[in-house]
Amino acid sequence: MRHGTTHQCVKNYTNLQIFVFLCVLNFAARMKHINLSFAACGFLGIYHLGAASALCRHGKKLLKDVKAFAGASAGSLVASVLLTAPEKLEECNEFTYKFAEEIRRQSFGAVTPGYDFMARLRSGMELILPPNAHELAHNRLHVSITNTKTRENYLVSSFSSREDLIKVLLASSFVPIYAGLKPVEYQGQKWVDGGLTNSLPILPVGRTVTISPFSGRLDISPQDKGQLDLYINITNQDIMIFPWCVVNSCTTQGRDLPGKPYLFYDRKHRRIQS
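In this text, residue positions in the sequence shown follow the UniProt record's numbering: the first is 1, and each later residue adds one.
Hints in this document: simulated from the structure, not taken from any laboratory.
Computed from a predicted structure; not experimentally measured.
Built from N, CA and C at the ideal position, the CB exists for glycine as well.
Be aware that one or more of the hints could be misleading.
Here are the simulated SDA-like cross-link-like pairs (lysine to any residue), alpha carbons at most 25 Å apart as the crow flies [unchecked claim]:
(1) K32 to P86
(2) K182 to P86
(3) K61 to A100
(4) K182 to R122
(5) K190 to P113
(6) K149 to V175
(7) K88 to I166
(8) K182 to A119
Pair ranges (Cβ atoms, derived) [unchecked claim]:
(9) E102 to V205: 15 to 23 Å
(10) H33 to S107: 21 to 29 Å
(11) F108 to K67: 42 to 50 Å
(12) A119 to A85: 14 to 22 Å
(13) N132 to G109: 32 to 40 Å
(14) E94 to A119: 16 to 24 Å
(15) H33 to L136: 14 to 22 Å
(16) V205 to N132: 20 to 28 Å
(17) P176 to S107: 19 to 27 Å
Please put together the full structure from these sequences, using the hints given.
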């Protein structure tokens with residue numbers, strides 16, 4: 001990573017931490033039953049890691065009151081780490097940058113013949129998630145996934161083993177073609193990216209605090225001022241139309257890290273139990 005980019009990253013993370021800290025004070029003063037939901041966003045999940053780090057630093061009291069964590073795609077990965085291994089957020093951050101750099105070195109990015117995106121992602125999960133991750137996540141982590149046959153959304157919150165948890169997280173992150181051609185198999189069915197049908201899970205009980213690197217009607221997100229107050233709902237996220245998907249607090253700004261769009265719409269959100 002270039003030195004200038006690293007310096008800018010530190011500066012932007014500091015700004016993000018201050019913003020999240022103010023949000024923490026606001027939420028903590030008004031809520032008892034709190035949930036955290038991290039939006040689907042591809043490699044812009046680096047924003048989620050910054051937010052999670054800020055919460056660990058400034059919002060320990062709030063995190064103790066969080067009843068459940070939710071997420072889709074990259075958001076589900078960060079949610080799982082924040083819940084099961086918050087001490088490894090920095091390690092997760094380093095893995096993300098190395099992963100992105102590795103993909104950039106490929107002739108055709110993630111779709112380069114012979115490159116196994118999902119295997120690389122799994123290696124990161126195996127490295128970061130603790131042995132009892134599935135026990136810590138059981139009934140507290142809600143992961144958005146999409147059924148390939150019905151194209152309906154499911155929120156998975158029950159994990160019988162660590163492998164079970166990893167499979168669900170891989171399914172939530174599987175972008176067809178970009179991540180490979182074979183969807184993830186789980187409970188005898190095939191699943192793909194949860195962001196295609198529900199990119200920002202809102203849980204039915206309590207107040208769900210939403211986090212996204214996209215500017216819009218969200219609790220924690222980049223703040224774009226002086227723009228037209230126009231929004232579009234993309235799989236459960238109200239995102240500001242102008243500028244489209246601008247990320248102020250993330251250093252990438254769509255250049256340094258590979259990202260991914262979400263274009264499918266579906267309002268059917270179901271739950272699945274093991």
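Cross-check of the supplied hints:
1. K32 to P86: Holds: K32 and P86 sit about 22 Å apart, inside 25 Å.
2. K182 to P86: 31 Å, violated
3. K61 to A100: Given that 25 Å is the threshold and the Cα spacing comes to 33 Å, the pair is violated.
4. K182 to R122: 15 Å, holds
5. K190 to P113: 23 Å, holds
6. K149 to V175: Given that 25 Å is the threshold and the Cα spacing comes to 15 Å, the pair holds.
7. K88 to I166: 16 Å, holds
8. K182 to A119: Holds: K182 and A119 sit about 12 Å apart, inside 25 Å.
9. E102 to V205: 15 to 23 Å: Violated, since E102 and V205 (Cβ atoms, about 40 Å apart) do not stay within the stated range.
10. H33 to S107: 21 to 29 Å: 49 Å, violated
11. F108 to K67: 42 to 50 Å: Between F108 and K67, where Cβ atoms are some 43 Å apart, the hint holds.
12. A119 to A85: 14 to 22 Å: The hint (14 to 22 Å, Cβ to Cβ) holds, given that A119 and A85 are roughly 21 Å apart.
13. N132 to G109: 32 to 40 Å: Check passed, 35 Å falls within 32 to 40 Å.
14. E94 to A119: 16 to 24 Å: Holds, since E94 and A119 (Cβ atoms, about 19 Å apart) stay within the stated range.
15. H33 to L136: 14 to 22 Å: 19 Å, holds
16. V205 to N132: 20 to 28 Å: Cβ of V205 to Cβ of N132: about 25 Å, so the range 20 to 28 Å holds.
17. P176 to S107: 19 to 27 Å: 21 Å, holds
Of the hints listed earlier, those the structure fails to meet are numbers 2, 3, 9 and 10, in rising order.
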